[in-house]
Amino acid sequence: MAGATRMLKFCGWILLQDLRNVVPLCGWLLSIIAVKSLRGRRTRIRVLGKKMGCRMAHMGTIKESIFDDGYSTDGIDGDVLDCGANVGFSRLAIERQMKSGRYVCVEPDPANVGLLRKNYPEAAIAPVAVTGKNGTVTFTTSKTGITGRLSEKGTPGITVEGKTIDTLTREFKLVPALIKIDVEGTEYDALLGAKATLKLKPRLLIEIHAQYDVAKIETLLKQQGYAGTYKGNNIWQFTA
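Just so we're aligned: 87 in my numbering is position 80 of the sequence shown, and the numbers increase by one with no gaps anywhere.
One thing to keep in mind: the hints can contain errors.
[As the list claims (entries may be wrong)] Distance condition first, Cα-Cα at most 30 Å in a straight line; then the derived DSSO-like pairs of lysine-lysine: (1) Lys43 with Lys238; (2) Lys150 with Lys58; (3) Lys160 with Lys43; (4) Lys140 with Lys16; (5) Lys106 with Lys229; (6) Lys58 with Lys125; (7) Lys150 with Lys238; (8) Lys43 with Lys16; (9) Lys180 with Lys160; (10) Lys106 with Lys58; (11) Lys229 with Lys180; (12) Lys140 with Lys238; (13) Lys160 with Lys150.
By construction, these hints were calculated from the structure, which means they are not laboratory data.
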């Protein structure tokens, strides 16, 4: 019952943003109930005063990251590295909390990168996958734009460049105050490539998709002096 009430509140909030949001909202709800093929259809939606290109499935991302405050955190005074920036809704949620610093988006899905560039023409974007070590990797794209991931061995996909968080931090000359990680199941590997960056003690927002990975990640980060807090919707905040 509480979940249904929350969903109704979200629908009302979306319409308050702009009544023209009724089309993507109805498409998204219909895709949940019956017509799954609608989830990959492209649309435009206005959120927090900004018109964004996306797919119907991204309505769920808006709910988790903005409406449910999944990416809310204390004021951010420094650079942000957004690993798994998708089409930019995480940036929309996080950037308004920044006091200073640069924002770098990392996204390997070519279709998402195209929408991200249109949504944020001025953005610093690394069109690569975040990996535990540098090198080319195979990436499986998704028609919905929200579940692309590094491919398991033998799974078909596209070849993309993989870079570690340490490499990205160095190349963009960042001093991260916040690192957001949403990489569809390879969060632990991403952190293995962040050993030097974690010494700077940035705040971490990590969407952990597999429950058994929570303990692994907590153990790894505890060694670096971090403690975690669960924020809901699989999102954890870690601070040192």
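Status of each hint after checking the structure:
1. Lys43 with Lys238: holds (28 Å)
2. Lys150 with Lys58: Holds. Lys150 to Lys58 sits at ~21 Å (cutoff 30 Å).
3. Lys160 with Lys43: Answer holds: Lys160 to Lys43 is near 27 Å, not above 30 Å.
4. Lys140 with Lys16: The hint is violated at about 42 Å.
5. Lys106 with Lys229: holds (28 Å)
6. Lys58 with Lys125: Distance ~10 Å between Lys58 and Lys125 Cα, so the pair holds.
7. Lys150 with Lys238: holds (28 Å)
8. Lys43 with Lys16: Roughly 23 Å between the alpha carbons, so the hint for Lys43 and Lys16 holds.
9. Lys180 with Lys160: violated (33 Å)
10. Lys106 with Lys58: Satisfied, since the Cα-Cα distance of roughly 23 Å is no more than 30 Å.
11. Lys229 with Lys180: Answer holds: Lys229 to Lys180 is near 26 Å, not above 30 Å.
12. Lys140 with Lys238: Since the Cα atoms of Lys140 and Lys238 sit roughly 29 Å apart, the hinted pair holds (cutoff 30 Å).
13. Lys160 with Lys150: At roughly 21 Å apart (the allowed maximum being 30 Å), Lys150 and Lys160 satisfy the hint.
The earlier numbered hints that this structure contradicts are 4, 9.
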